[in-house]
Amino acid sequence: MPLNVDLVGKQYPPQVYEVGREKIREFADAVGDDNPAYRDVDAARSLGHADLVAPPTFAVVVTRGPQISVIDDPELGLDFSRVVHGDQKFHFSRPIVAGDVLTTTSTVNSARTVAGNDILNIRSDVADSVGAPVVSVFATLVARAVEG
Amino acid sequence: MTATVQVSDVEVGTELPAQGFQLRRLDLVKYAGASGDFNVIHWNERVATDVGLPDVIAHGMLTMAEAIRVVTDWCGDPGAVVEYSTKFTKPVLVPDDDEGATVEVSGKVIELLEGGRVKIELVALCEGVKVLGMARAVVQLS
Chain F
2 MPLNVDLVGK QYPPQVYEVG REKIREFADA VGDDNPAYRD VDAARSLGHA DLVAPPTFAV
62 VVTRGPQISV IDDPELGLDF SRVVHGDQKF HFSRPIVAGD VLTTTSTVNS ARTVAGNDIL
122 NIRSDVADSV GAPVVSVFAT LVARAVEG
Chain B
1232 MTATVQVSDV EVGTELPAQG FQLRRLDLVK YAGASGDFNV IHWNERVATD VGLPDVIAHG
1292 MLTMAEAIRV VTDWCGDPGA VVEYSTKFTK PVLVPDDDEG ATVEVSGKVI ELLEGGRVKI
1352 ELVALCEGVK VLGMARAVVQ LS
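Sequence lines, in order, name chains F and B.
The letter at position 38 of the first sequence is residue 39 when you use our numbering, and the numbering goes up by one with no holes.
The letter at position 89 of the second sequence is residue 1320 when you use our numbering, and the numbering goes up by one with no holes.
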């Protein structure tokens, strides 16, 4: 099934993610980053943050579930077995910190087929518990054309 | 937010200290666990080669996570990063040995923006090949 380009603008049900200190520490460990602002609450507070600050790309952990709802949407027709990650963009209104209760809404931002390649951009808008924007995450996925 | 770098300290062309990041199979497995991205091509050579890759490849998001460390280590506050974007131009191949792959990342200021913000261009090379394309970060300086 080809990519359903009529789904541009479709929004998916919001999902909630609670940001924990240990998850931030685990993520920082996994990327080998020993920045104290990811581990030591006092170090993060001395920089003006309410709690441990998350590495910038931690936002993909928060938006992962909502993004999968888009990828798995049977109406969309994306062949995930052929997908490569084309590009990624983060626009922060403020950094993510431990204790945040975040709500993410994902949208089909664009969908097109070029030379047999299906190109999908998913936008995920992350807001905090009072509805203030935190970060918008844009991911382009490319399902490569079937050869032959 | 409290970047330790002042906007008066930088100009277009200011270089950030470059760093090399070693990625071994174990690092890919750890990143899979921490990020929740268990795509098999990032840890299983049989499946990676079945889909036409020469070897297991690193998660693009792991390379992206490493590259921004050049910026966050320089500016002093990870929370000062307000924008970050890249294209994934070439995969980072991670062989099954003790060395793995090394991604060399350098950065420089390419534009002074309004309100004490600066735009930084990042270059990430693996075996001399660019693995990130148009990698840019915007940072709020003090």
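Wrong hints could be hidden among the right ones.
Label-pair restraints from in silico Cβ distances [stated by the list, open to error]: (1) B:GLU1345 with F:GLY78: 41 to 47 Å; (2) B:GLU1358 with F:GLY33: 43 to 49 Å; (3) B:LYS1318 with F:ALA51: 40 to 46 Å; (4) F:VAL42 with B:SER1373: 18 to 24 Å.
Derived by calculation from the structure, the hints in this document are not laboratory data.
Positions of the beta carbon are idealized from the N, C-alpha and C atoms, including for glycine.
Each hint, compared with the structure:
no. : hint                               : in the structure
1   : B:GLU1345 with F:GLY78: 41 to 47 Å : holds (42 Å)
2   : B:GLU1358 with F:GLY33: 43 to 49 Å : violated (20 Å)
3   : B:LYS1318 with F:ALA51: 40 to 46 Å : violated (33 Å)
4   : F:VAL42 with B:SER1373: 18 to 24 Å : holds (22 Å)
Hints 2, 3 from the list above are not met by this structure, while the remaining hints are.
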